[in-house]
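S.K.: With chain B's structure known, arrange chain R on it following the hints.
Number of protein chains: 2
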Amino acid sequence: MRVMGIDCGTEWTGYGFVETDAQCELRAVTHGAIHLLKRDSLPHRLTVVYSRLMALMAEHSPDVVAVEEVFHAANSKTALKLGQVRGVALLAAATCKLPVAEYAPLAVKSAVSGYGMADKRQVQFMVTRLLRLAAPTETLDASDALAIAICHMHHEQTGIAQRDSRR
Amino acid sequence: MRVMGIDCGTEWTGYGFVETDAQCELRAVTHGAIHLLKRDSLPHRLTVVYSRLMALMAEHSPDVVAVEEVFHAANSKTALKLGQVRGVALLAAATCKLPVAEYAPLAVKSAVSGYGMADKRQVQFMVTRLLRLAAPTETLDASDALAIAICHMHHEQTGIAQRDSRR
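These protein sequence lines are chains B and R, in that order. According to the numbering used here, the first sequence is numbered sequentially starting from 1. According to the numbering used here, the second sequence is numbered sequentially starting from 1.
Some hints could be false.
[Unchecked claim] Only pairs whose alpha carbons sit at most 25 Å apart, straight line, appear in this in silico DSS-like list of lysine-lysine:
no.: 1; chain 1: R; residue 1: K38; chain 2: B; residue 2: K97
no.: 2; chain 1: R; residue 1: K120; chain 2: R; residue 2: K38
no.: 3; chain 1: B; residue 1: K97; chain 2: B; residue 2: K38
no.: 4; chain 1: R; residue 1: K77; chain 2: B; residue 2: K120
[What the hints assert, rightly or not] Just a sample of chain R residues kept apart from chain B, beta carbon distances all over 10 Å, derived:
no.: 5; residue: V29
no.: 6; residue: A104
no.: 7; residue: M117
no.: 8; residue: Q157
Simulated from the structure, these hints should not be mistaken for laboratory data. Heads up, the beta-carbon is just placed ideally off N, CA and C, and yes, glycines get one too.
Same shape as in the complex, but just chain B:
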């Protein structure tokens, strides 16, 4: 199984593809982050996220897309901005007919570090170890995305995935 994790953000949106190899060990296929430029109009920025995610899905053929649930944002303005990117990411998955699984941030952090309050650096450190990456990801957005994908792998193995949330 190959999972695409997406960490939506208004400036950087991380992505990471994880699969299980022949020895049933986790392996990173590719990872990175899409940078949105503030000088571009919002509609243009959304087009960039959508087209990049669609291209990545087409190139790396994941079986499922995993994203973080968002319960709390700093304020409603931040939530609206994040929602716009998240909507486009979910649309890309639906357009590619890929199921979407959502995980609480606490579940994602716990899955990679055993600690639900782990910070982004700890998550990056553990993702690097768990996937035996030669070097840490260039951005914390990419390591967060890989962590979401790893979280889905763990939940699939334990059979408690949350697919196609109504949220």
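M.R.: Relative to the frame of chain B, chain R by itself:
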């Protein structure tokens, strides 16, 4: 000029096309609302909004898309949900290479009723009069969308349109 107004919502998204006729009077081309079913998954609902808006843009060829700015939402959860639909609506406009104009809710209400705090019923009443509709729109979402389109027409006529906001 033909304007498509979109009133984004998590359950109902209103749309309305307004144009100026040969006598330079405003005329409604078509209007309605897209209903999203709670029983459908979020990715599927976003696909419905996106594909319906794309089809409407293709069928009615607007010159510009007008939407409401969102400053305040009841809470961050509501803002996130609204943002997801709004992101997809803006993506549809960008995909169709249409410019997007954004207007504050107060500007939209003032444009049709002369009163920035007008409620949705007042807006519907005034939209029905201004566009000489045979009957009020079936939904308040559709009248809100027509009001946004009328607001853009007024701003175009007075030369103070806000296009391609960076917000």
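S.K.: Of the hints stated earlier, which fail here?
M.R.: Hint 3 contradicted; others consistent.
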